[in-house]
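Chemist: Sequence:
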Amino acid sequence: MVRVPFRAAADRVRHRLTQLVGPKSRGHASARTRSRTPAGTGAATPGDLTGTARRPYLRALGMLAVVVLGAWLGLLAVGSIRTPVGPMDTNMTLRPSLTGGSKINVSPLGALELDSHSAPLRLDVDVDRLDPERSQALVDQPERFSRLQDEVTRDVAAGTRELAVRSCVAVVSGATALGLVVYRRPRRALAAGGLALSLLAASGVSAYATWNPKSVLEPKFSGLLSSAPSLVGDARSIVTEFDIYQQELARLVTNVTKLYDATSTLPVYQPDPGTIRVLHVSDIHLNPAAWHIIASLVEQYEIDVIVDSGDTMDHGSAAENGFLDPVRDLGAPYVWVRGNHDSPVTQAYLKKFKNVSVLDDGSAVNVGGLRIAGTGDASFTPDRTAPVGGKEAAQLEGARLASALRDQERAGTPVDIAVAHDPNTARETDGTVPLVLSGHLHRRINEQLKLGTRLKVEGSTGGGGLRAVQNEKPEKVHASVLYMDRSTRRLQAWDEITLGGLGLTTAEVSRHLPEENLKKDAPVSPTPSPSSSPSATRSTARPTPSP
Numbered sequence: 006m007v008r009v010p011f012r013a014a015a016d017r018v019r020h021r022l023t024q025l026v027g028p029k030s031r032g033h034a035s036a037r038t039r040s041r042t043p044a045g046t047g048a049a050t051p052g053d054l055t056g057t058a059r060r061p062y063l064r065a066l067g068m069l070a071v072v073v074l075g076a077w078l079g080l081l082a083v084g085s086i087r088t089p090v091g092p093m094d095t096n097m098t099l100r101p102s103l104t105g106g107s108k109i110n111v112s113p114l115g116a117l118e119l120d121s122h123s124a125p126l127r128l129d130v131d132v133d134r135l136d137p138e139r140s141q142a143l144v145d146q147p148e149r150f151s152r153l154q155d156e157v158t159r160d161v162a163a164g165t166r167e168l169a170v171r172s173c174v175a176v177v178s179g180a181t182a183l184g185l186v187v188y189r190r191p192r193r194a195l196a197a198g199g200l201a202l203s204l205l206a207a208s209g210v211s212a213y214a215t216w217n218p219k220s221v222l223e224p225k226f227s228g229l230l231s232s233a234p235s236l237v238g239d240a241r242s243i244v245t246e247f248d249i250y251q252q253e254l255a256r257l258v259t260n261v262t263k264l265y266d267a268t269s270t271l272p273v274y275q276p277d278p279g280t281i282r283v284l285h286v287s288d289i290h291l292n293p294a295a296w297h298i299i300a301s302l303v304e305q306y307e308i309d310v311i312v313d314s315g316d317t318m319d320h321g322s323a324a325e326n327g328f329l330d331p332v333r334d335l336g337a338p339y340v341w342v343r344g345n346h347d348s349p350v351t352q353a354y355l356k357k358f359k360n361v362s363v364l365d366d367g368s369a370v371n372v373g374g375l376r377i378a379g380t381g382d383a384s385f386t387p388d389r390t391a392p393v394g395g396k397e398a399a400q401l402e403g404a405r406l407a408s409a410l411r412d413q414e415r416a417g418t419p420v421d422i423a424v425a426h427d428p429n430t431a432r433e434t435d436g437t438v439p440l441v442l443s444g445h446l447h448r449r450i451n452e453q454l455k456l457g458t459r460l461k462v463e464g465s466t467g468g469g470g471l472r473a474v475q476n477e478k479p480e481k482v483h484a485s486v487l488y489m490d491r492s493t494r495r496l497q498a499w500d501e502i503t504l505g506g507l508g509l510t511t512a513e514v515s516r517h518l519p520e521e522n523l524k525k526d527a528p529v530s531p532t533p534s535p536s537s538s539p540s541a542t543r544s545t546a547r548p549t550p551s552p
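The sequence shown begins at 6 in this note's numbering and counts up one residue at a time.
Think of the hints as simulated: they come from the structure by calculation, not from any bench.
It should be emphasised that the depicted structure is a prediction, and the values quoted were computed from it without experimental measurement.
Backbone N, C-alpha and C define an ideal beta-carbon position, used for all residues, glycine too.
Careful, some of the hints might be misleading.
Have a look at the derived ranges for each label pair, beta carbon to beta carbon [unchecked claim]: (1) ALA214 with LEU66: 35 to 43 Å; (2) HIS320 with THR493: 39 to 47 Å; (3) ARG64 with GLU156: 46 to 54 Å.
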C-alpha cells in the first residue's frame, strides 16, 4: 500500500519529463508512422527536418535538468562534513550559487562573506561550537596563538579534501538515482551521473583558477561581527602592521572563545518555541551604534518585543528627533517610557511611529503576548541645571504607577511587566506586578523586593552615549534578553549581554535563573571574577552589579 502512491508520483514525474526528453518509444512510433505515410502527400510528420532538429535539443535540456536537480539533491542530502578547524567544530557544505564565494557563519555573532572564487558553487562553513578542551588550552596558553595559523591551515586543507570527495559521491549518487527514476534505463542513469561529475569537476577547476587569497583582507561582515573591522583594523593596515593585527586577532579569538565557553556552562533552561523573548535596553544616550546592536540581537534571538526604559536622548531637543528614525526598522514592537533626558517633544515624536507604544501615567498596552504598563520620568534634567524633584518626586510618580497597576488588576487585566526609568519609581510598584524594569544608573541590578516583585535595572545600551568619550575608561554596552513563559507570563530565565565599549573588543553572555527555578535545577557554577571566562551566575536578593 505504501509503494502505490510513491509509484504513482514517480510515474507522474516521469510522464512530465518524457514529454520534454522524447523517449525512444515515441521515436520508434514516429518512424513507423513515417514508413506508412505515402510519399508526396505533403503531410507534416514527426520525422521532418523541423522535428529532428528540435527533439535532440529538448532531449539535451531534459538530461541537463535531471543532472542539475539530482546533483543539487545529492549535495543537500550528503554533501556536507563535520571537521575541526583549530579550536572550533565546523560544518562545511558546498551549495549551488550564481556568484560563488565563501560564507562563514558564527552564530550568534553573525557571519562574514569572502569573495574567494568565481564558480557556480559556494562554500558554507558553520561554526557549531568550540571544543571545550582545545579552546581552554588556547585561553590558558596564549603563546599557542603563534601556531594557530598553521594549525587552521592544515585543518582547512584536510576538510576541503574530504569535502571534495564527499561532494563527488553526493552529486554522482543524486544524479544517477534521479536519472534511474526518470529514464528507467541504467545506461541513461549512469550517463547522468557521469555528466554531474564532469560539471562538478569543471566548477572545481573554475574555483581553482579564480581563487583569490586576498579576499580575506576585504570580508563583508554582518550581525555583531559588523564591528569587526573597527576591532582588528583596516585591511591595508593589517598588511603593514601584521604583528599588531596578530595580537588584536588573538584577543578577539580569545573573547569569542569565552563567549562560547559561557554557552556551554549555562544553567539548564531550554526556551521552547512558545517562549516570549523580551529585549530590555536603556540609556542609549544618542549613541547610533546602539541601533545596530539592537537590530542584530532582535534577529539573533528572535525577539518578540523590545522594552526601552528611557534616556534615549541626551538633551531632548527637537534637533535630536531624527536620531529615533531607525526604531521603525528594528524588526520588533518597541515599548518606550520617558527618561530624565527625554522631553515631551521626544515623546510626541515617538508616538507617530506605528511600531512604538509610548507608556505614561500608568497606561498599559498588550504587545508580544504580554501586558505592559509604565510611566515617564518625573523630572526632565538634561543638563542637571533645572530644579530636581529628587527621590521624593520619583517615589510619588511610583505611587501613581502602583495605583494604576492595582486598577488594572481590579479590572481583570493584570499587568505582567511594569516599566519606569528611575529605580526609585520602580520600587514603589512592589507587590502590584511580578516584574518591573528600569534604567538610569548605567549599571545592572537584579533584586527581589520584599513583597515579591522582581526589580531589574539595565545598564547603558549606548555605553554611556557620546559623553562616554569624556570618561577615563569607556562604559560597556549592556542589554538583556528576558525569557517569559507564554502561559503564565512569568520570567523563566534571562541572558545578560555585555559588549566592550569604545575601543574594547570584549563580548560576554551569561545566563541567569530566578531563585525559584534554581531550586529545581542542578547547582550551577559560582559567579566568576571579571577576569575569568563568563559563566552562569546565580541571582541573589541583593543588587548584583554588572561584571
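Chemist: Check each numbered hint against the structure and report the violated ones by number, ascending.
Modeler: 1
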